[in-house]
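*Asks:* Modelling step: build the complete structure from the supplied sequences, incorporating the hints.
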Amino acid sequence: MGKTTRAAAKRAAPSCARFVAWLLMIFATAALAGCGGGAPVTVVQSKKDESYTAKLQRVMVVRDFYLTGMSEVPMNGLVRLSEIKVAFDTKVAGPHGVQADYVDVTEYGKVVRDVRREPAVAQAMGTFRPTHLLELKAASATEKASLQRYTVDAGLYDIASGKLVWRSQIVIDNMAGHLMRVGDRLAPAHQDEANLFVDALRSQLEAAGLL
Amino acid sequence: MIRRTFLAAILAGGMSACAPPPPRPVTLVAAPDGPPPSKIQKLLVWLPPTQAGELNVPAAFGSTKRVHVFDFSAFGDELRRQFEGHGVQVLIGTSSGFELDRADEQRKLRAQFRPTHRLEVDVSYRSAESTMAGSARGAAGFLWRLYNGEDAKPVRAGAFSANAQQDYSIASADGLVKRLDEAGYL
Chain R
1 MGKTTRAAAK RAAPSCARFV AWLLMIFATA ALAGCGGGAP VTVVQSKKDE SYTAKLQRVM
61 VVRDFYLTGM SEVPMNGLVR LSEIKVAFDT KVAGPHGVQA DYVDVTEYGK VVRDVRREPA
121 VAQAMGTFRP THLLELKAAS ATEKASLQRY TVDAGLYDIA SGKLVWRSQI VIDNMAGHLM
181 RVGDRLAPAH QDEANLFVDA LRSQLEAAGL L
Chain X
1 MIRRTFLAAI LAGGMSACAP PPPRPVTLVA APDGPPPSKI QKLLVWLPPT QAGELNVPAA
61 FGSTKRVHVF DFSAFGDELR RQFEGHGVQV LIGTSSGFEL DRADEQRKLR AQFRPTHRLE
121 VDVSYRSAES TMAGSARGAA GFLWRLYNGE DAKPVRAGAF SANAQQDYSI ASADGLVKRL
181 DEAGYL
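One line per chain: the protein sequences are R and X, in this order.
Position 116, counted from 1, in the first sequence is what this note's numbering calls 116; the numbers after and before it change by one each time, with no gaps.
Position 116, counted from 1, in the second sequence is what this note's numbering calls 116; the numbers after and before it change by one each time, with no gaps.
These aren't lab readings, by the way, just hints derived from the structure by calculation.
Take the hints with a grain of salt, since some may be wrong.
Short, incomplete list of chain R residues facing chain X, as computed with Cβ under 10 Å [claimed, not checked]:
#1 K48
#2 N76
#3 R80
#4 G109
#5 K110
#6 V111
#7 A141
#8 T142
#9 Q148
#10 D153
#11 K163
#12 P188
#13 D192
Idealized CB from N, CA, C, for every residue including glycine.
*Replies:* Below you can see the structure in the form of structure tokens.
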């Protein structure tokens, strides 16, 4: 009986090793394929009202990143307002002499139709008196266990006329250049993505002559 | 007999799990200080571009799969068919999908057609999700607004949604016309 078991175990050993090797190969292929080869931040398109000549002086940056249907955990995969503030202060406000204030209207389950009518924005506008409002609105998202990538529709409003004078569509890819990434459940930091995102914003605003 | 009943129960359960969720009804809200409804005679329908009804859903090994969520062409055709049934003249225009000033994009059509009302549809969100097990789903939400003539403020507005499991283009057009009919616009 013992002999038979030992023989069976002996026969099973190579097939077990082969199975583990197969599994490892599948995981390695999946991980490599899943590693996004693209850039972490991509500008899809930008547009400016050509008749508009004013430059940014006092800008209110409003983050509106909740998307209907998005569950709560993947929201941790979005760049935070504090991270945008650090990047914007360093890369746009400081170097270009622009004064900036920041408001976050992002809230799980809350759909914002018009940020300018949000009480928090209206209140901040009353005290800060901006010349422009820069709305950062999430337009689409792709999830696979965690937030993989999302598109931000950035729109610049001239406060005096209430008109949208510039907009840009920017994709933030959380997986680009990562073999693996900390899950959204652990609320990872996104300062690198925020820096690249603000770099993209700055380059588009500069190209449009708004800075 | 028991085995057959058990099998039938499993099959029924499986079928209901695979059935796409029913479409969310088209909603309608009236502007709080808006004018009373006026009969629509000439309607300019403004729709997002075709590609706004498609989504890239993550697939196996980092690749993506393009899925169809909403057919704006079928939606527009159904709107036209139903509105014309109510004696409304319809002109359908398509947005560039990246507008700064919508009135500017519509200028030519408005001047030619002189609509009594405008019905504008916008994409409010698009999301794609796939599980580690490989199943994928795509969803999109739309906002619609009805304006009187050249007005900048809508008189009625609402929302509807779609998903990649089933095409709700016709049902959404049907629901929208019904809402406007109930509100006294037809």
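*Asks:* Under 10 Å is the threshold here; is the Cβ of K110(R) close enough to any Cβ of chain X for the hint to stand?
*Replies:* 13 Å, violated
*Asks:* Hint validation: R80(R) versus chain X, beta carbon distance must be below 10 Å. Holds or violated?
*Replies:* At about 20 Å, which exceeds the 10 Å cut-off, the nearest Cβ of chain X leaves the hint on R80(R) violated.
*Asks:* Let's test the interface hint: is any C-beta of chain X closer than 10 Å to that of P188(R)?
*Replies:* 19 Å, violated
*Asks:* Minimum Cβ distance from T142(R) to chain X below 10 Å?
*Replies:* With a closest approach of 5 Å, the T142(R) hint holds.
*Asks:* With a cut-off of 10 Å, does the beta carbon of V111(R) approach a beta carbon of chain X closely enough for the hint to hold?
*Replies:* Result: holds, 7 Å to nearest chain X Cβ.
*Asks:* With a cut-off of 10 Å, does the beta carbon of D153(R) approach a beta carbon of chain X closely enough for the hint to hold?
*Replies:* This hint holds: D153(R) lies near chain X, its Cβ roughly 9 Å from the closest one there, short of 10 Å.
*Asks:* Does the CB of N76(R) sit less than 10 Å away from some CB of chain X?
*Replies:* 16 Å, violated
*Asks:* Please verify that hint: K163(R), Cβ, nearest Cβ of chain X, below 10 Å or not.
*Replies:* 7 Å, holds
*Asks:* Does Q148(R) meet its interface restraint, that is, does its C-beta lie within less than 10 Å of any C-beta in chain X?
*Replies:* Constraint on Q148(R) satisfied, holds at 6 Å.
*Asks:* Under the criterion of a CB-CB separation shorter than 10 Å, is K48(R) in contact with chain X as hinted?
*Replies:* Nearest chain X Cβ about 8 Å off; hint holds.
*Asks:* Measuring from the C-beta of G109(R) to each C-beta in chain X, is the shortest one below 10 Å?
*Replies:* At about 13 Å, which exceeds the 10 Å cut-off, the nearest Cβ of chain X leaves the hint on G109(R) violated.
*Asks:* Against chain X, run the beta carbon of D192(R) and see if the smallest gap drops under 10 Å.
*Replies:* 21 Å, violated
Violated hints for the displayed structure, listed by number in ascending order: 2, 3, 4, 5, 12 and 13.
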